[in-house]
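Peer 1: Knowing the structure of chain A, use the given hints to seat chain B on it.
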Amino acid sequence: MADLSLPATPTRKPSLLAVGSAIARHRFLSHPKVRLALVLLVPILLLTIFAPVLPMQKPLETNLRAMMQFPSIEHVFGTDKMGRDIFSRTLAGVQISLLVGFSVAAIALVFGMVLGTLAGFYGGMIDRAIMTVVDIFLAFPSLLLAIGLVSVMGTGIVPVILAISLADVPRFIRLQRSQVLSLRSRAFIDAARTVDASQYWLMTRHIVPNTLAAMLVAASIAAANAILVEASLSFLGLGIMPPQPSLGNIVRDGQTYLEQAWWISTLPGVVILLIAVGLHFLSDGVRELLDPRSR
Amino acid sequence: MAEYAAKKLAQMLITVLGVITLVFFTLRLIPGDAASAMAGDTLSGEALQVLRDQMGLDEPLISQYLGFLRDLAMIDLGETITTRIPIADLLLRALPITLSIAMATIVLSIVISIPLGTLAAFMAHKGRNWLDNGLTGAAMIIDLMPSFWTALVLLLIFSLGLGWFPASGQLNWNNPGSVALRLALPVIVLSLSQVATLARITRTAVLEVLNEDYVRTARSMGWSEMRVLFRHALKNAALPIATVVGLSFGNLLGGTVIVEFIFTIPGVGNLLIAGINSRDYQLVQTLIVLYALLFVVINFTTDLIYKTLDPRVQF
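Those sequence lines, one after another, are chains A and B. So in the numbering used here, spot 287 of the first sequence is number 287, and the numbers just go up one at a time. So in the numbering used here, spot 53 of the second sequence is number 53, and the numbers just go up one at a time.
Bound conformation, chain A alone (with noise of 0.2 angstroms):
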C-alpha cells in the first residue's frame, strides 16, 4: 500500500541514470580522462580479442630455428628460449589478465554491495559480526593474503580469482557500509520512512542506487589492482603455471635471460602498465563525470 505513495518521495542524484545520461549526452566520451583511457585500453582489447586469427605463430607453438629473436616486424616482441613469439604470448596473458580483472571486480563489487548494505543499514549484531571478519581480513596486508591463500588453494586460475577476491571484498564492505551510514541520515531516507516505505524499499530504491557510482569507480581500481597482484602471484610462481601464459610468468621466464634477451622480460611489463594506466584513468574519468566537484 506504501508503496503508492512512493514516486512522490524526493530522489536525489540517481546515480546509476547520471552514468546513463553522460553517456547518452556525449559527455563520457568527449571527457580527456576517458579518451586517454580509451586510446590505451581500446587497441589491446581489439587485439586480444582478435589475437587468435591474427597472422602470428600460436602462444604455445615453439619454433627452434627462431629462439632468442631480438624483436622484428616478424615477432613484434622477439621470440624466447623456445622460440615461442612473445608477442603472441603476451596477448594471450592479457586475455587471462583482463578475466582476472573483471572476475575479481564483480565478485568484490557484488558481495561488498550486499554485506556492506546490511552492515550498515541494519547496524548492531549483524554490523559487529561482518566488521569484526572484514577487520582480521584488513589485518593481513592484501598481497600477502593473496599469497597465503593461494598457497592453500593452489595453482590456476579460480584459485587465483579467488584469493585476490577474498583480499579485495572486505575493502568493498567497508567502503559501502560507510556509503550507507551516510546515506542513512539523509533528508530523503527520513522522507522515504515518513511515508512507511519498506526497509527492502529504501534498501533497493533509495540507497543502493546513491552508492553504486563509488563503488563502480572503486572496482576499476580493483580489476587494475587485481591484474597487477595477478602478475606478482604468476612472476613468483604461485599464480597462472606454464605453459599456460600469463603477464606474470612470461616476465618470470624472461628473468634468466635477461642479459641475452631483455625483451622478454621487459616487454610485457609495458603492457600490464598500459593497461593498469588505462584502467585508472577510466576510473578517474568516471568520477569526474559523476561529481564535477572533485576535479
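Hints are not guaranteed to be accurate.
Cβ pair distances, simulated, as ranges [unchecked claim]:
#1 A:Ser30 to B:Ile305: 45 to 53 angstroms
#2 B:Pro311 to A:Ser182: 21 to 29 angstroms
#3 B:Leu247 to A:Val110: 21 to 29 angstroms
#4 B:Leu92 to A:Ile49: 31 to 39 angstroms
#5 B:Glu225 to A:Ser182: 48 to 56 angstroms
Calculated from the structure, these hints are not laboratory results. Even for Gly, the Cβ is constructed at its ideal location relative to N, Cα and C.
Peer 2: Showing chain B alone in chain A's frame:
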C-alpha cells in the same frame, strides 16, 4: 591517553586472535589434509601416517588449535617439516634482513618525498603548477608499475648494464659497504612506489595548511618563506603524512617478498616462497601470522602516534 591505548590494545589483541584462528582453520581446509598435500605422491600408507602423527593431524581439531595457540604464546615456533630446522633460527637470520630493507625504504622515501611534496605544494600555492602536475602524473605511473617489472628493469640497467650494484652474492655483514650495495637496488625499487604515494600526500597536506590563518599570520610577522614553510606549515601537515607512512607499511611488506625473490636476498619473503614451494605448512602458517602481527603492531603504533600528535582525535 592510557585509556585510549588500553582500548586500542584490546582491539589489537582481538584482531590478532582472529588472524591466528583464520590462518589455522584456512590451512585445515586443504583438500585431503596437510600431510598428504605435503607429501604429494611420494609417500603412501604407513609413511604418510607417520607424517600425520608428527604434524599432530590425528588429534581433535580443537586440541590442535589450542596447541597452536599455546605454542605461539610461548614463542615455540616448531621446526620446518621437511628439513627439521627450528623456525625460530630461520627467522632470527631472515627477519633482520627484511626489516633492514623495510626501514631503509621508509627512511629513504621520507627523505626524498617530504621536501619534494612540500616544494610542489609551495609552487602550486604560488600559482606555478608545472612541478605539481609533473609530480602527480609521475607518481600515478610509478604507483602502477608492477614492482617486479621495475626491479628487473633497474637490475638490467644498473647491475647488468652499468655494473654499479652486484646482482647476487652472499650478504657479508662484516663488510657493511658490500651489504649496502647489495641491498641498494631492492630499497630503491620499494622506495619508488613509497615516494610516489608519500610525495602526493605531503603535497596535499601542506597545500591545505598553507591556506590556514596561522600561516598567514606567520608570514605577516615577516618570517622568511623557508621558515614559514618548514616551521609552521610542514609541522602541521605532519599528521596525515605520519598516518600514510604507517598505512603503507603493509604494501611495503608485500613488496619485500617480491624484491627478495628477484635479488635472491635471504629474507622472510624468500623463506615464505620456499615454504610454499616445499609445502611446508608449519613454516607458511608461522610466517603469515608473523606478517599480520607486524602489520597490526605497526598500525597500533601509528594510532598511538596519531593520538599523541593530535589529542583531539576521537575514535
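Peer 1: Which earlier hints can't be squared with this structure?
Peer 2: Hints 4, 5 are the ones this structure does not satisfy, whereas the remaining hints hold.
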